[in-house]
Amino acid sequence: MNPLLLIRYGEIALKGKNRPFFEKKLFRNIKESLKGLEPFQVSFRRGRYYVKLDAENLFSAQRRLQRVFGIVSISPVFPAKLELEEIYRQALKLLKDNYKPGITFKVSTHRANKDFPYHSPEISSLTGAYLLKSNLELKVDVHNPEIIINIDIRDKEAYLYAHSLPGPGGLPVGVTGKGLLLLSGGIDSPVAGWMALKRGIEIEALHFYSPPFTGDGALNKVVDLCHLLAAYSGEVILHLAPFTEVQKEIRLKCPESMLITLMRRVMFRVAEKLASKRNIPVIFTGENLGQVASQTLENLIAVNEVTALPILRPLISFDKEEIINIARKINSFSISVQPFDDCCTLFIPRHPVTRPAIEELKKAEKKIPLEELTTSCLDNIETRHIGPAR
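Each residue of the sequence shown is one higher than the last, beginning at 811 in this note's numbering.
Keep in mind that the hints were calculated from the coordinates and are not lab data.
Quantities reported herein were computed from a predicted structural model and do not represent experimental measurements.
All residues carry an ideal CB built from backbone N, CA and C; glycine is no exception.
Just so you know, not all the hints are guaranteed correct.
[Claimed, not checked] Label pairs and their in silico Cβ distance ranges:
1. Lys1058 to Gly979: 43 to 53 Å
2. Glu1192 to Ser918: 51 to 61 Å
3. Ile1126 to Glu1169: 17 to 27 Å
4. Lys910 to Gly1197: 23 to 33 Å
5. Lys1130 to Lys862: 36 to 46 Å
6. Ile1158 to Glu1192: 42 to 52 Å
7. Ile1126 to Gly987: 18 to 28 Å
8. Ile1158 to Asn812: 52 to 62 Å
[To be verified] Simulated crosslink set (DSS-like; lysine-lysine; CA at most 25 Å straight-line):
9. Lys834 to Lys845
10. Lys825 to Lys988
11. Lys1172 to Lys1063
Make a model of the complete structure from these sequences and hints.
So this is what it looks like as structure tokens:
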């Protein structure tokens, strides 16, 4: 008999009267993640999801489900009838699948079905005794066993399993709304996007590029990062905004020290207008307080000043090493460090302003056709739909 996949959630259990909303969204996200592995069936009973599919798709399904936010663990489980003899036989099969001579084990039982006539300790003790009577070379170790035979007594069946895989936790993508992620292609912004997804935000991404100064390599890197994020969220909508003319005007007519801050103020103006068109209420960035000259508190305030939308910065207090560790964990690091310049690294001033006065920035902006540049950038955005990397 092929195993089922038992899926557990974590934080959703705390949601009280709103819990069904979260459960239904996670159910849809699980089904979406398994597309291409048909035939499969997903069912939900008493706070657990069960996936039935062909054995040859089991590994791929587990790998995909480990990227579905809201899931805390996944176990391949073997069902048994609610009869002790059936539970014994299935436990023995499970043990044989993981057997080596002298292996230590214990049996752990959870009895969700209180109508089953045996209590959890009794089931564990009786099952353990049955296994010890087999011809296998076994030892019981309740403190540090090499394998745990888990028995979950449910309404209609018992489910037995020996291993669990961790899920990413968090909340199902889509339950807390939508956000626009400013995606540069560096290390920080994809990590910020991943963290937004973990809190249930459905993201669209906005990337500024500067042809011919930024080539296909930089653009392909951003597309690859969207493929990676889409593996956690489903399809990501990527907006590509041409930024060459903005940079030329600012570089030609404004003080060099203000270059990065002025560019970022234009970026956030474009982001706000795009978010308004897309009915997105919040902007996410990978900015980190004090990491570089453009991310001093004064520079962040100067950027905030041009938009009425909330700007959320999930990485604001992280050390760089912490960000890199997450990037490695989600496999974005190797993409982000590919040596292709983005539009923010092309024209870095020798002495960037770290404490800009907003009035001085506004005075500099009067030297360029700000509204015209913003509108042109917005009107020439290219939009792509990026699916998950499999």
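So, going through the hints one by one against the coordinates:
1. A beta carbon spacing of about 45 Å between lysine 1058 and glycine 979 agrees with the range 43 to 53 Å that was offered as a hint.
2. Checked against the hint of 51 to 61 Å, the pair glutamate 1192 and serine 918 passes, with Cβ atoms roughly 55 Å apart.
3. Between isoleucine 1126 and glutamate 1169 the beta carbon distance is about 26 Å. The supplied range of 17 to 27 Å therefore holds.
4. At about 42 Å, the beta-carbon gap between lysine 910 and glycine 1197 misses the expected band of 23 to 33 Å.
5. In this structure the supplied range 36 to 46 Å holds for lysine 1130 paired with lysine 862, their Cβ-Cβ distance being about 44 Å.
6. The hint said 42 to 52 Å for the Cβ distance between isoleucine 1158 and glutamate 1192, and at roughly 26 Å that hint is violated.
7. At about 20 Å, the CB distance of isoleucine 1126 to glycine 987 agrees with the hint of 18 to 28 Å.
8. The hinted window of 52 to 62 Å between isoleucine 1158 and asparagine 812 holds, with their beta carbons roughly 57 Å apart.
9. The straight-line distance between the Cα atoms of lysine 834 and lysine 845 is roughly 17 Å, inside the 25 Å bound, and the hint therefore holds.
10. A C-alpha spacing of about 20 Å is found between lysine 825 and lysine 988, which places the hinted pair at or below 25 Å, so the restraint holds.
11. This hinted pair checks out: lysine 1172 and lysine 1063 have alpha carbons roughly 13 Å apart, not beyond 25 Å.
Hints 4, 6, counting from the list given before, are not met by this structure.
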